[in-house]
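Protein chains in written order, with my numbering: chain A, 8 to 524; chain B, 6 to 229.
Honestly, the hints are just simulated from the structure, not real lab data. Treat the hints loosely; a few may be bogus.
The list that follows gives simulated cross-link-like pairs (lysine-lysine, DSS-like), each with its CA atoms no further than 27 Å apart [unchecked claim]: (1) A:Lys476 <-> B:Lys86; (2) B:Lys109 <-> A:Lys311; (3) A:Lys364 <-> A:Lys518.
Some chain A residues close to chain B (C-beta under 7 Å, calculated; not the full set) [claimed, not checked]: (4) His291; (5) Arg294; (6) Thr295; (7) Leu297; (8) Thr298; (9) Thr299; (10) Arg301; (11) Met302; (12) Ala303; (13) Glu305; (14) Glu333.
Computed spacing ranges between beta-carbons, pair by pair [claimed, not checked]: (15) A:Asp346 <-> B:Ser28: 37 to 45 Å; (16) B:Ser28 <-> A:Asn501: 48 to 56 Å; (17) A:Val227 <-> B:Thr216: 52 to 60 Å; (18) B:Ser48 <-> A:Phe450: 48 to 56 Å; (19) B:Pro168 <-> A:Gly310: 47 to 55 Å; (20) B:Arg218 <-> A:Ala229: 44 to 52 Å; (21) A:Val306 <-> B:Val171: 40 to 48 Å.
Heads up, the beta-carbon is just placed ideally off N, CA and C, and yes, glycines get one too.
Spelled out from the first residue to the last, the chains are:
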Amino acid sequence: MMISKLRIKQSLSLKVLVTNIVFAIFIAAIIGIFVQNRVASTVINEKISISKVEAAGALYSAQRYFELARFKGDKELDKVIQDFIALSREDGFFSGRETVILPIPNLTKNQSIYQTVPTLLVLDSIPENFRKQVTKNEDVLNERISISYSDGKDFPGFIIGTKLNIPRSGTYEIYYLFKLDAQYQSIENITWTLVLTAFLLIILITISTKFVIRQVVSPVQAAASVAEKFTQGDFSSRMVVASNDELASLGNSFNEMAVSIQQQIYRLENLSMLQQRFVSDVSHELRTPLTTLRMAAEVIYQGKNSFDTSIARSSELLINQIDRFELLLSDLLEVSRFDAEAATIDLTTFNIVNLVKKTVDYLHPTKATKLIIDSPNESVPIQADERRIERILRNLVSNALDHSEGKNVIVRIAESDDEVAVSVRDFGLGFNEEDAPFLFDRFWRADPARARTRGGSGLGLSIALEDTKLHQGQLLAWGSPHQGAHFVLTLPKNHGSLVQSFPIALIPEDKLSTVEE
Amino acid sequence: MPLVMVVDDDQDLAEMLSIVLTSAGMEVDLVNHGDQVMDLFNSHTPDLVLLDVMLPGIDGIEVCKIIRESSMVPIVMLTAKGDTHDVVLGLEAGADDYMVKPFKPQELVARINTRLRRSTKVGSLSIFDLVIDQLEHKVLKDGKEIALTRLEFDLLATLAKEPGRVFTREALLSEVWGYQHAADTRLVNVHVQRLRSKIESDADNPEYVLTVRGVGYKAGSAKA
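One chain only, chain A, in its complex shape:
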């Protein structure tokens, strides 16, 4: 019940169909009952009025018959009445009229009962009350009754009764009984016809409703599916406009809207493409002069022993800044690649423990700060883009070394069935809670006034996050002022699956234990 209600609510066509059928049934029922009533009463009343006329004629001829009748004694009277009854049966054969002549007790000598079907008609069919009224009244009376026969059949009927005066014998009651069964049969037939008609009408309305729904709802459904395609990014989909009606104007408006949206999107896409192209072109165009610059600087640097100290130091600074410029340029190019969604992933299967060791060795040749690698396993194979993972690790480790203030940096590796996690923990400056949302922003610096020891590009963490997203991994950061930071990289072991569990918790273990204490 609930489900069907829900379905009706959800489907416009079902709603229209059900409403129409309910209305059709309602109207068919009202009209049917009204027509049936009218037809029934008309048919019955018609028969009754015809019967009344017929009975009046019959009564008149009966009266005349008895006035003119010649008889002597009860025996001859009996014969006369018997003849009259036989005649009356012939007269009333077509209208199914029964004639009954009853003596009124105390008013007649003859107490015989005469009737057209002498044995079959049950005299109880003539109600006692009606008889009393007839005997008291001088008028012709009528009433609706049920006519019973001794073989058990009952018929709806109608009775007309009055007093009959037979000269020299007394006053009798005369009754004409009319059966209405033919009329009721007709009414029943008509009723069945009406029911059938109503049924056909409902079917017809259902079919026509379906047809109308197809004409009205189908274009609406088509519009909905086109709109859905549109939201899914297929901006070329349009509604088919084949007619000239309101639905066509809906289609036309929709298509106009689609064109305008498509143009807007195209314009914006073009704009951002131009911007990305510009960043990419600038980065590339800067490379040729930078190459010349670098070579010239190297040549000067190699000859620095023959210069005086200030020029020698300047050449060193020049080289350092060219390094930094180069890093900035390549990071900028990488960012523009992510913006253009042109970053591709080059999958291989490799041991991430080796990669972590390699990265740490590469970044940490001086051993100025202590770097500890903690891994429970010597080999953790992972399917990923090795170059990108190396870059994430390099960014995280160099960021930690940058902010460690000479204290230890701990790199941990842990794995679960489907994930591998690498965490980098430092005990340096850390960061405030309010800074956390900006940590991965481009060119964001915790403290703009703080001196930079390594001179990163400011894009490192932002690129690391993009690289992580490309692997459908998670890169999370925890930090506390002057208690250090904890970055946790969690990657699915197989590319394409999502991270379901975190082998290393974001809150570092040392902090967790103090909280518990």
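Given the structure of chain A, go ahead and fit chain B onto it with the hints provided.
Leaving out everything else, chain B in the frame of chain A:
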């Protein structure tokens, strides 16, 4: 003194390159325009060509193809775009190696020296019916000489030298190209394809240079 032909339209960069290469003990010919490369190439045959991809006139990739039609001289490309299909196009056109701008002069000199270095190993190697004559620097198949670039020859000789060993792409990059850090492995893939197209009867079903899936390459051990 080895002669290096530098093809670059940026005058300052070309001059700087010539300063660096000259101080590394090389002779340098400068060409600014793609159209002029072949004239000079034919009259003054260089030992190595340093070629910028972006050139006015004929671009670097076209120049590379034209040189390869007549010569096996080592070609090193200079490109500003290390990640685009320019690199693959250049390698497929016949370049042996590429340098992404900006590069360090020491790195450039090292790369060029690797390409100029003649194989010092003497003797003859073979992969069943393929004979690799290291002295004459020739490869013979069915008694016929196959023309290989020096890099292709080095690649084949490296694989043939240790018949059982599977070489990773990184190992080949370090032994054949002289890279110290892992670089672009496409370099290996493209050159293996080129080598196969020259020596194999059917490059899709190689017999001499086999792929070991997920690891690298090795020399074939028996004819299938």
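When the least beta-carbon distance from threonine 295 (chain A) to chain B is tested against 7 Å, hint result: Where the cut-off is 7 Å and the nearest Cβ of chain B is about 5 Å from threonine 295 (chain A), the hint holds.
Tell me if the beta carbons of aspartate 346 (chain A) and serine 28 (chain B) are separated by a distance inside 37 to 45 Å. holds, 41 Å
Minimum Cβ distance from alanine 303 (chain A) to chain B below 7 Å? Cβ of alanine 303 (chain A) sits 6 Å from chain B, so the hint holds.
Take the C-beta atom of valine 227 (chain A) and the C-beta atom of threonine 216 (chain B), compute their distance, and say whether it sits inside 52 to 60 Å. Since the Cβ atoms of valine 227 (chain A) and threonine 216 (chain B) sit about 57 Å apart, the hinted range of 52 to 60 Å holds.
Do proline 168 (chain B) and glycine 310 (chain A) keep their Cβ atoms within the hinted range of 47 to 55 Å? holds, 49 Å
Are arginine 218 (chain B) and alanine 229 (chain A) spaced within 44 to 52 Å by their CB atoms? At 50 Å between Cβs, range holds.
Check the hint pairing lysine 476 (chain A) with lysine 86 (chain B) against an upper bound of 27 Å on the C-alpha distance. Given that 27 Å is the threshold and the Cα spacing comes to 24 Å, the pair holds.
How about arginine 294 (chain A): closest beta carbon in chain B under 7 Å, or not? holds, 4 Å
Glutamate 305 (chain A) was flagged as interface toward chain B. Is the shortest Cβ-Cβ separation under 7 Å? holds, 5 Å
Per-residue hint verdict: threonine 298 (chain A), partner chain B, C-beta under 7 Å: holds, 4 Å
Using Cβ atoms only, decide whether histidine 291 (chain A) comes closer than 7 Å to chain B, and label the hint accordingly. holds, 4 Å
Classify the hint on leucine 297 (chain A) as holds or violated, based on whether any CB of chain B lies nearer than 7 Å to its CB. Interface hint status for leucine 297 (chain A): holds (4 Å vs cutoff 7 Å).
Of the numbered hints listed earlier, not one is contradicted by the structure.
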